[in-house]
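*Asks:* Sequence:
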Amino acid sequence: MRSAKPKIKREIKYNEKQEVQTYKKPSQEEIDSIEIRMHLLNLATVVERHQSVWKTEKEENDGYLNPYYNMLLGRVKNLSHKVYDDTFKGKDEVGNDPWSKAIMVKTMTLCARAFGDPLPLSTDDRQQNLPRGFMGTLGAWASITKELSSNRLHYLLTKLNIQEEVLKILDCSARYMEMVYREITRNELLGGFRL
6 MRSAKPKIKR EIKYNEKQEV QTYKKPSQEE IDSIEIRMHL LNLATVVERH
56 QSVWKTEKEE NDGYLNPYYN MLLGRVKNLS HKVYDDTFKG KDEVGNDPWS
106 KAIMVKTMTL CARAFGDPLP LSTDDRQQNL PRGFMGTLGA WASITKELSS
156 NRLHYLLTKL NIQEEVLKIL DCSARYMEMV YREITRNELL GGFRL
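Read left to right, the sequence shown gives residues 6 to 200 (my numbering).
Just so you know, the hints here were simulated from the structure itself, not pulled from any lab data. If you're wondering where the values come from, they're calculated on a predicted model, not measured in any experiment. Even glycine gets a Cβ: it sits at the ideal position worked out from N, Cα and C. It is possible that some hints are incorrect.
[As the list claims (entries may be wrong)] Pair ranges (Cβ atoms, derived):
#, residue 1, residue 2, range
1, L172, K94, 19 to 27 angstroms
2, P123, K151, 24 to 32 angstroms
3, N101, L172, 27 to 35 angstroms
4, M76, K29, 44 to 52 angstroms
5, R157, R180, 21 to 29 angstroms
6, L126, E188, 16 to 24 angstroms
7, P31, K87, 19 to 27 angstroms
8, R131, K94, 20 to 28 angstroms
9, A107, N166, 24 to 32 angstroms
10, L172, E35, 22 to 30 angstroms
11, L175, K18, 53 to 61 angstroms
12, M109, A9, 54 to 62 angstroms
13, N101, Q23, 16 to 24 angstroms
14, Q133, T163, 33 to 41 angstroms
Given these sequences and hints, build the entire structure.
*Replies:* Okay, structure coming up:
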């Protein structure tokens with residue numbers, strides 16, 4: 006037989022006050038600055054992932070990449086690191102406020118298809134007999150360069166005096182992607198889509 010538990014009188018608290026954490030909204034320039042920083046870091050990482058796709062293709066399937074285009078890959082990665090290090094030295098910490106987190110989520114969604122271990126095999130990779138992760142890293146790269154070249158960020162690139170370096174990054178990226186479109190992908194399967 007069960008024994009009854011003694012009743013405990015509940016204490017009811019009225020109008021309990023809790024502190025609400027407030028955040029000061031950063032200026033639009035600070036928000037765009039964080040976005041440029043994230044794009045530069047993500048671009049260097051995505052290009053490095055794309056280089057690893059080429060490396061495995063060369064080792065496993067005797068793939069070949071013209072040294073000029075291999076140099077373009079390295080130049081984009083190195084320029085991204087250089088611009089980031091020179092411009093944003095000592096600003097590695099991103100705030101813990103909702104605006105900074107939203108920017109990080111936005112920039113990471115652009116390049117999410119370039120991350121994973123192993124790299125994801127997309128339908129384009131399968132249809133065109135490309136190595137695993139080739140089109141994913143290339144698409145993420147194209148998305149990041151599109152964001153960096155947008156008119157919305159142009160004023161801050163000019164103000165930070167990094168417009169010339171970013172234009173070099175965009176030029177090298179465009180040359181590499183033009184080669185991929187011309188020589189590697191089967192364009193009839195892309196449905197007229199150009200990077």
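*Asks:* Are the hints correct? Go through all of them and say.
*Replies:* Do the hints match the structure? See the list:
no., hint, verdict
1, L172 / K94: 19 to 27 angstroms, "21 angstroms, holds"
2, P123 / K151: 24 to 32 angstroms, "26 angstroms, holds"
3, N101 / L172: 27 to 35 angstroms, "33 angstroms, holds"
4, M76 / K29: 44 to 52 angstroms, "45 angstroms, holds"
5, R157 / R180: 21 to 29 angstroms, "24 angstroms, holds"
6, L126 / E188: 16 to 24 angstroms, "21 angstroms, holds"
7, P31 / K87: 19 to 27 angstroms, "26 angstroms, holds"
8, R131 / K94: 20 to 28 angstroms, "43 angstroms, violated"
9, A107 / N166: 24 to 32 angstroms, "27 angstroms, holds"
10, L172 / E35: 22 to 30 angstroms, "24 angstroms, holds"
11, L175 / K18: 53 to 61 angstroms, "60 angstroms, holds"
12, M109 / A9: 54 to 62 angstroms, "55 angstroms, holds"
13, N101 / Q23: 16 to 24 angstroms, "19 angstroms, holds"
14, Q133 / T163: 33 to 41 angstroms, "39 angstroms, holds"
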